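From first to last, the protein sequence lines are chains A and B. With the first letter of the first sequence counted as 1, position 139 gets the number 139 in my numbering; the numbers rise by one all the way through. With the first letter of the second sequence counted as 1, position 43 gets the number 1043 in my numbering; the numbers rise by one all the way through.
Keep in mind that the hints are not guaranteed to be accurate.
Said to hold, decoys possible - Label-pair distances were calculated between CB atoms; the ranges are:
| no. | chain 1 | residue 1 | chain 2 | residue 2 | range |
| --- | --- | --- | --- | --- | --- |
| 1 | B | Q1053 | A | E18 | 55 to 63 Å |
| 2 | B | T1011 | A | R38 | 27 to 35 Å |
| 3 | B | D1091 | A | R95 | 34 to 42 Å |
| 4 | B | V1087 | A | E71 | 38 to 46 Å |
| 5 | B | G1166 | A | E71 | 30 to 38 Å |
| 6 | B | R1144 | A | E164 | 21 to 29 Å |
What the hints assert, rightly or not - Some chain B residues near chain A, calculated using beta-carbon distances under 10 Å:
| no. | residue |
| --- | --- |
| 7 | S1069 |
| 8 | A1131 |
| 9 | R1140 |
Said to hold, decoys possible - Chain A residues, not near chain B, derived (Cβ > 10 Å throughout):
| no. | residue |
| --- | --- |
| 10 | I15 |
| 11 | T17 |
| 12 | F22 |
| 13 | L24 |
| 14 | L34 |
| 15 | F37 |
| 16 | W51 |
| 17 | N63 |
| 18 | G83 |
| 19 | K107 |
| 20 | R112 |
| 21 | L142 |
| 22 | P149 |
| 23 | G150 |
Hints were generated in silico from the structure; no laboratory data involved. All figures in this text were calculated on a predicted structure; none of them were measured in a lab. Cβ atoms here follow ideal geometry from the backbone N, Cα and C, with glycine treated the same way.
Take a look at the letters that make up each chain.
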Amino acid sequence: MAPTNHTKARELLAIGTEAPDFTLNSTPDQKVSLSDFRGRPVVLVFYPADWSPVCGDQVALYNEMLAEFTESNAQLLGISVDGAWCHLAFAKDRRLHFPLLADFEPKGEVSRKYGAYHDDQGESARALFVIDANGIIRWNHLSPDGVNPGADGILRALDALTPEERGSATAGSTS
Amino acid sequence: MTAVDASSTLTPPVSDSDHAQGAGNAKVTLVEYGDYECSYCGRAYPIVKQLQQALGTQLRFVFRNFPLSQSHPHALHAAIAAETVGVKSEDAFWGMHDALYEHQNALDDEDLARYAAALGVPASEVINAFAGGSEVKRVRADFRGGVRSGVNGTPTFFVNGERYDGNWTDVESFASVLRSAAKSHRPRTS
Chain A
1 MAPTNHTKAR
11 ELLAIGTEAP
21 DFTLNSTPDQ
31 KVSLSDFRGR
41 PVVLVFYPAD
51 WSPVCGDQVA
61 LYNEMLAEFT
71 ESNAQLLGIS
81 VDGAWCHLAF
91 AKDRRLHFPL
101 LADFEPKGEV
111 SRKYGAYHDD
121 QGESARALFV
131 IDANGIIRWN
141 HLSPDGVNPG
151 ADGILRALDA
161 LTPEERGSAT
171 AGSTS
Chain B
1001 MTAVDASSTL
1011 TPPVSDSDHA
1021 QGAGNAKVTL
1031 VEYGDYECSY
1041 CGRAYPIVKQ
1051 LQQALGTQLR
1061 FVFRNFPLSQ
1071 SHPHALHAAI
1081 AAETVGVKSE
1091 DAFWGMHDAL
1101 YEHQNALDDE
1111 DLARYAAALG
1121 VPASEVINAF
1131 AGGSEVKRVR
1141 ADFRGGVRSG
1151 VNGTPTFFVN
1161 GERYDGNWTD
1171 VESFASVLRS
1181 AAKSHRPRTS
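So that you can see chain A by itself, here it is in the shape it has in the complex:
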């Protein structure tokens, strides 16, 4: 699929900076904060939209890899500007087993903080972050909207974390 020519997202938040905390709805009546996962690495997946073909392939791939992420003690979180009810229907349809967060109100606020927002489209960019157990960004990647970034980069970034960055004292205690 050809990469699209939309304006580039602003610079992604840089490696080595502290990941801004946020609290977003994961379901219509549940909220999730980034700080809930302090002590474990977090894989933060910004994507343009539920239901779109490339996003569907991308989240389906990550959904199959939850065991691998768990081995690295890591939590996977998806974020788009879709509302919580939309996420609920999408997750049910695709049998997703990780949280999809709604960057819905104010729209795109968290995506903007991470430099992962397309102003002209009003959607999150296709951006990946690996955040360590201390809340520091250790890896980032921005894909063209039409390109599924896969998971090899995420796995290499998780492999590169030190035991301390991985919070491995608690490895295996969560699933």
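Once you have looked at the hints, place chain B on chain A.
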């Protein structure tokens, strides 16, 4: 975007433990990461057959498992069933591989057991394999290797170890890519 993405290299490389059609010293090795329930892989199935005809002995074809089991509820068991049949012989594996792609709408456990039985593998062996064992481990290992190699959906092809991101739906253009890979092939010295 170039047709072959240099950053996505097949890991692990093709070895004797892979399921392969064609000689190990063929000039081109085409690897497919596939899912037996994926409709795109179903479309690729006859195309690969045509490529094999077009390239003849120049081509070795290798199949590795990449079941998206949450999207395709029959894909994991189908992959395990093919690996179980493959323990009997390579011919049986490819017979199962073909049977699965030719019956993508009938991949319930009973169907899988029936196809296996037709290839001389008792249904009970297939059913038992679903519960876990070396075939499940192999499918899982294929999947992990695929992810590490940059597979992000199915089918994903590798040409002589490099991911092929070009068009695979047109037999002629894919065949010409393979032919030019054959021309630039250097025999391994090891």
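Checklist entry - Is it the case that A:G150 keeps its Cβ farther than 10 Å from each residue Cβ in chain B? => result 4 Å, violated
Item to check | A:N63 and chain B, when compared Cβ to Cβ, separated by more than 10 Å | outcome: 5 Å, violated
Next on the checklist: At 10 Å, judged by beta carbons, does A:R112 keep clear of chain B as stated?
Outcome noted: For A:R112, whose nearest Cβ neighbour in chain B is about 26 Å away, the distance exceeds 10 Å, so it holds.
Checklist entry - Taking the beta carbons of B:Q1053 and A:E18, is their distance inside 55 to 63 Å? => result 58 Å, holds
Checklist entry - Measuring from beta carbon to beta carbon, are B:D1091 and A:R95 in 34 to 42 Å? => result Check passed, 35 Å falls within 34 to 42 Å.
Item to check | Distal placement of A:I15 relative to chain B, Cβ over 10 Å | outcome: 18 Å, holds
Item to check | Outcome for the supplied range 21 to 29 Å, where the beta carbon pair is B:R1144 and A:E164 | outcome: With Cβ atoms ~25 Å apart, the hint holds.
Item to check | Cβ separation check - A:K107 to all of chain B, threshold 10 Å | outcome: Consistent with the label, A:K107 stays out of reach of chain B, its closest Cβ about 28 Å off (over 10 Å).
Checklist entry - Beyond 10 Å from chain B, beta-carbon-wise, is A:L24? => result Holds, since 23 Å exceeds 10 Å.
Checklist entry - For A:T17, is the shortest beta carbon distance to chain B beyond 10 Å? => result Fine: 25 Å to the nearest Cβ keeps A:T17 off the interface.
Item to check | No chain B beta carbon within 10 Å of A:G83's | outcome: 23 Å, holds
Item to check | Interface-negative label, A:L142 against chain B, beta-carbon threshold 10 Å | outcome: Consistent with the label, A:L142 stays out of reach of chain B, its closest Cβ about 15 Å off (over 10 Å).
The earlier numbered hints that this structure contradicts are 4, 8, 17, 22, 23.
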